[in-house]
Every structure is written in C-alpha cells, then in structure tokens.
Amino acid sequence: MITDAPAIVTRRFPNKRAHTLKGYLASDGYVGLRKALSMSPEAVRDEVNKASLLGRGGAGFPAGRKWSMLRPAETTYLVINGDESEPATFKDHLLIERDPHQVIEGTVIAAYAIGARQAFIYCRGEFALGLERLTQAVNEAYRHGALGESIFGSKFSLDLVVHPGAGAYICGEETALLESLEGKRGFPRIKPPYFPAAIGLYGEPTAVNNIETVSNLPFIVERGGEAFAALGQGSSTGMRVFALSGRVERPGHYEIEMSKTTFRDLIYAESLGGGIRGGRALKAFIPGGVSAPWFREGELDLGLDQDAVGKAGSMLGSGSVVVFDDATCAVRCAWRITRFFHRESCGQCTPCREGAGWLEKILRRIEEGNGRESDLDLLMDACDNIAPGLSWPPQQTTICVLGPSIPSSIASGIRMFKDEFLVHIKDGGCPFEEHR
Amino acid sequence: MAHLSEENIARATAIIALYPKRRSALIPLCHLAQSQDGYLTEEAMEDIAGLCGVTPAEVRGTASFYDMLKTEPVGRYVVAVCTNIACMLSGAYELLEHAQGHLAVHVGETSADGMFTLEEAECLAGCDMAPCVQVNHRFFGPLGNEGFDQLVADLREGSHDADVPHHGVLSRIERRVGLVTKKARAKSTEDVEVSR
Numbered sequence: 430m431i432t433d434a435p436a437i438v439t440r441r442f443p444n445k446r447a448h449t450l451k452g453y454l455a456s457d458g459y460v461g462l463r464k465a466l467s468m469s470p471e472a473v474r475d476e477v478n479k480a481s482l483l484g485r486g487g488a489g490f491p492a493g494r495k496w497s498m499l500r501p502a503e504t505t506y507l508v509i510n511g512d513e514s515e516p517a518t519f520k521d522h523l524l525i526e527r528d529p530h531q532v533i534e535g536t537v538i539a540a541y542a543i544g545a546r547q548a549f550i551y552c553r554g555e556f557a558l559g560l561e562r563l564t565q566a567v568n569e570a571y572r573h574g575a576l577g578e579s580i581f582g583s584k585f586s587l588d589l590v591v592h593p594g595a596g597a598y599i600c601g602e603e604t605a606l607l608e609s610l611e612g613k614r615g616f617p618r619i620k621p622p623y624f625p626a627a628i629g630l631y632g633e634p635t636a637v638n639n640i641e642t643v644s645n646l647p648f649i650v651e652r653g654g655e656a657f658a659a660l661g662q663g664s665s666t667g668m669r670v671f672a673l674s675g676r677v678e679r680p681g682h683y684e685i686e687m688s689k690t691t692f693r694d695l696i697y698a699e700s701l702g703g704g705i706r707g708g709r710a711l712k713a714f715i716p717g718g719v720s721a722p723w724f725r726e727g728e729l730d731l732g733l734d735q736d737a738v739g740k741a742g743s744m745l746g747s748g749s750v751v752v753f754d755d756a757t758c759a760v761r762c763a764w765r766i767t768r769f770f771h772r773e774s775c776g777q778c779t780p781c782r783e784g785a786g787w788l789e790k791i792l793r794r795i796e797e798g799n800g801r802e803s804d805l806d807l808l809m810d811a812c813d814n815i816a817p818g819l820s821w822p823p824q825q826t827t828i829c830v831l832g833p834s835i836p837s838s839i840a841s842g843i844r845m846f847k848d849e850f851l852v853h854i855k856d857g858g859c860p861f862e863e864h865r
Numbered sequence: 022m023a024h025l026s027e028e029n030i031a032r033a034t035a036i037i038a039l040y041p042k043r044r045s046a047l048i049p050l051c052h053l054a055q056s057q058d059g060y061l062t063e064e065a066m067e068d069i070a071g072l073c074g075v076t077p078a079e080v081r082g083t084a085s086f087y088d089m090l091k092t093e094p095v096g097r098y099v100v101a102v103c104t105n106i107a108c109m110l111s112g113a114y115e116l117l118e119h120a121q122g123h124l125a126v127h128v129g130e131t132s133a134d135g136m137f138t139l140e141e142a143e144c145l146a147g148c149d150m151a152p153c154v155q156v157n158h159r160f161f162g163p164l165g166n167e168g169f170d171q172l173v174a175d176l177r178e179g180s181h182d183a184d185v186p187h188h189g190v191l192s193r194i195e196r197r198v199g200l201v202t203k204k205a206r207a208k209s210t211e212d213v214e215v216s217r
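These protein sequence lines map, in sequence, to chains A and B.
Quick note: the first sequence uses this note's numbering, first residue 430, plus one each step.
Quick note: the second sequence uses this note's numbering, first residue 22, plus one each step.
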C-alpha cells in the first residue's frame, strides 16, 4: 500500500537552494535542535527510543540502543558514517548534497544526546560536491551559532569536522571507518570488542551513526518519538529512503512509509518505479544492496519491513532495490557482484581475499563459455568456506561481514537459476543476446 | 625545503589542528597534496610524514590502500566509468568499450596528450543516473556514447572548467570557522601524540 505520509528527510529536495543556510532556515531549519537543547539529554534519548529508530546504514540496529551501550568516559566521540558505497545505494549521497544542514542538525542533536563534544562526518571521498556543500554548511552553521561554543546560547558546545574518505568500500564498516579516520589503512578491527561504543576512535567510546539515521533526528525531536513511531508498522517505524535501480522505468530515490509499502508497490506503482523497463517481465530483484540474497515474484508482496525481509531469508540492508528483467543474465550479475567484493576485500582474512578471487574466476569462465559441470559444486564449496553452512544470517570465518556477503548472489543465482548456469556450461556461452 | 607550497603547508597546519591526533589528518593531507600536484608525489609523502609524525613509508602504506590516492601521475581528467550492477544493467560495459575506443586508451591508461585517464569504477552511488561517469569525482549521467563524446569535447574545450577542476582538487570550499581554540588544544596534546 502506498500511503500519503509526507516525506521527512527528503522533504526539502524540491527546493534547489535547500543546501544553503537561508534555504534551510526558511523550512524549519534548526528548530529541532533548538528544542533538543531546551530538553535534557536523557529526554532526547527517550524520544529516540520511543521512535524506535532503526539504523539506516545496513545493519538496522536500533539507534537508541546503540547509544545506550556507550561506555561512560570523560571523552565520547560521535562519528557519522557517510561512506555510502554498497552497490546500488545512493540515498546518503543525495542527503549530503541536497540537505547538508539537516545532516549537521541531526549530528548536533545526537552529540547532545550522548554528551559528545567532538563529532566527525566521514564523507565518502568520491562525493566532491557533497564535501563542498557539507563544508560550506559547517561554515554557515558555525556563524549561525548551531556549532561551536555554547550552541544557541546553551551550555552545550560541539566541534564538527568533515572528514573526506579516499575510495574504499570497506571503510563503510564502522571499525574500518575508525581506522581510516585515525589515518590508517581501512582494516576492520578484530572483534571483540564488538561495538565502538566500548572501544572506538582513539580507544574512546564512540557512537557511529548513518547519515540517514541522524537526518531523521530533527523531526523526531520536533514532533516527538511517538509521531515517528506512528509511521510504519511493528519494529519498522518511520519513513525510509529506498534507492531503486536496474531495469525499471523510473530509477530513483523514494522516501516511503516502512513496512506498509511493498516491493510490488515500489517497483510497479506509477508514482514510484513505474514497472519493468520496456514492459518486460521481472526475473528477480535484490532487496537491500548486493550483500543481500535475491528475491523473486513470490516475495513481491512482502512489505518493506526489516523483520519480514529477514524472515524471508534476505535483508532490507541499505535500502537499495535492484531489479533484473527477463533479459538479464543471472551468471553475469553474480559475476559482477563477486568481482566487486574481490576488488574491495581489504585482504586481511584468507577466506575473503582468496575466496572472492577464485569465485570471480569460476563465474567468469562460466559466463565466457569455459565452465565445467563440476563448477557449480565448486562454487558452493568455496562459498561454504567463507560462510559455513550458507545459512541466513550468515556464519562467518572472517573479521568483518564483507566475506560472508560474497556468497549471497552466487547462492541465490544457483538456487533460482540453476538451469541457466547449466546452459552456459553445456552450450559453451551466454544464452542472452545482450550479454548484460 | 618542503615540496608542498607555503600556502599548502599553512592549510595542512590548519587541517591538523582540527583533529585530536595529527595522524588523523593523513588522508586529508594526501588530498591536499594531490590538489597541488595532481597526484601524490614522493616528496609530498615525505612532507606529509613530517607533518603527521609518521614515516614516509607509513604514508605510502596508508595511501596505497585507497583508490582515490594516486602514487603515479594521471591525466588532467580522471574519467571513471561505473560498471557495477546498476550501471551494468543500463549498458555500462558498452559505454566503457566505447570510451576506450574514443579516448584511444585501455582502462588504466592515460591519453597521449595527458588529458584523460580512463578508469573502470565500482559503484559511485549515482545509480539513478546509470550508466554514470565521474570526471575528477564530479557526476555525469546517464551517458550514452554520444553524450560521452560530447562530455569529452566539452572538457577539451574547457567549458567545464568552472565545475570540474584538475585531478586532485576535491573540495574547493575550505573550513574557515572554529579554528582558534582547536589549534590551542591541538598544540597542548601534540607531544603526547608524537611518542607513538
């Protein structure tokens, strides 16, 4: 069901000057922060807990609970994860470029709630325009009194640094991001400790929140957590920005009510995806970024709901839906996704570093017509070595979840389209005309 | 004598002052060096090492992890064609093939006139404009073959000079606020940080 709930974080997008302080202030900018500063930090945290705001980065961990795990200490850091790199995900990119002040306002609210005096926004390096707009917005926010000493005349002070990344998917993993922010290679840290809330940036307790997550905070504070929780259903509360791409008529970002709206709505509704490109048939779709197992027609009527998608054997992940039509080659898709993981593996753990490379080579030879009949078993065996049992959620043999994300597309492809893999092997090539 | 210009050393000092520990400025300073030279020179890495309190090898060791930091010269424009899943489904490989022909280079090479380096990129988060291309990290898309040729012609003519600076220049906006008190604090902790 497509509801008429108004957009929250993308509501200023139609205004092309929303990225300026003037444009932002003209549409209730910094109202939420002023209200937050009139409340106690505990009261702000209460509202976020009432909102049941799930993290929008990919893991979907409740933001309020993440904060409650912070180890009490003299110094607490807040780091905003804007290193958006999960293939087919482009919501944070837009939020940074088109409404940077909203990101800043949400960051200050989060910092106030957890008592951080220093915050960082780790912005993906490839977002040159985003970096310029964020930096400009920080300059403006300081002059406006929304950052720096005694924010809006309160006793709360915060410095905010916009930190550019330099091109590495793995830096979206929060411990790798912290390593990168410390000026090192983006190597995920060994767990435990599982959460930077215990040991984070420079060894201090650190909250790491996603761009879209904090962009929701001004609304939650201004209207109250209950108003947010009234949107959506069950544990999937609020609105969420879904990034739709692939073989649809209208790829783009759509901020829609969680849970109530279905994948069918998102892909087919005239006001959303507008159906499969050229009127073709749906073959499969990825429900939440390329780390997620694929779905088919049978799952189209599932709501965009974290728990429901989890129960169905995949994940809502980063909120990016990729559509394959009946002219799409499943082998080629699995190969391209595996190639990505191979290139982006940080190289610390053998199953991921070596496994991804082997898997890519095997998939490539199948696609190119040099596959062997034993290759399907070989693929599954190698996948099993990275994520034992190939269960969902996956088991892992690696420091971080990049490794166990690799089998998703391969196992999905073989499970759903085994015949297609076999045709590649028997006929010595790809049966699809377009080869893409 | 430092390789980085006096102006950039001053910028570097201001960037370092933003962080509780100066090694955190390492990647921003690599970007700064690239904005001066177009890529990360040996001499610049030595300067950065001195500024961040690490060895030149540690700077290289860190920089080599990241796709955007180039330790070899590149063209004035780095043209990155995304071929990841969303762009692939919209014809990115066909576009990349065309780009190689049009620029007369293979992926990873720089055109003879030093203008263009062609790269095959992973997802750039521009999937609503697939197939998308970044030139020095500025977005263009969706691009077909003709659109690509036009873009290249426009870049040659300089009609994108206002929005696409030479390779290495990332943010042209500098932070100009909240620096004084930070600087004082950074100084007081600097000695602790060096003894790593």
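Among these hints, one or two may not hold up.
Said to hold, decoys possible - To list a few chain A residues with every Cβ distance to chain B over 10 Å, as calculated: (1) M430; (2) A472; (3) N478; (4) G612; (5) I715.
Claimed, not checked - Stretch by stretch, here's where chain B covers chain A in the computed footprint (C-beta under 8 Å, at least three residues): (6) 435-441; (7) 451-458; (8) 604-611; (9) 725-738; (10) 762-772; (11) 781-795.
Stated by the list, open to error - Using 16 Å as the maximum straight-line C-alpha spacing, the simulated EDC-like pairs for lysine to aspartate or glutamate come out as follows: (12) B:K42 to A:E611; (13) B:K42 to A:E651; (14) A:K464 to A:E633; (15) A:K613 to B:D88.
Since the hints were derived computationally from the structure, they do not count as laboratory data.
Glycine included, every Cβ here is placed at the ideal spot set by N, Cα and C.
Mind listing which of the numbered hints don't hold for this structure, in increasing order?
Numbers 4, 5, 6, 7, 9, 11, 13, 14, in rising order.
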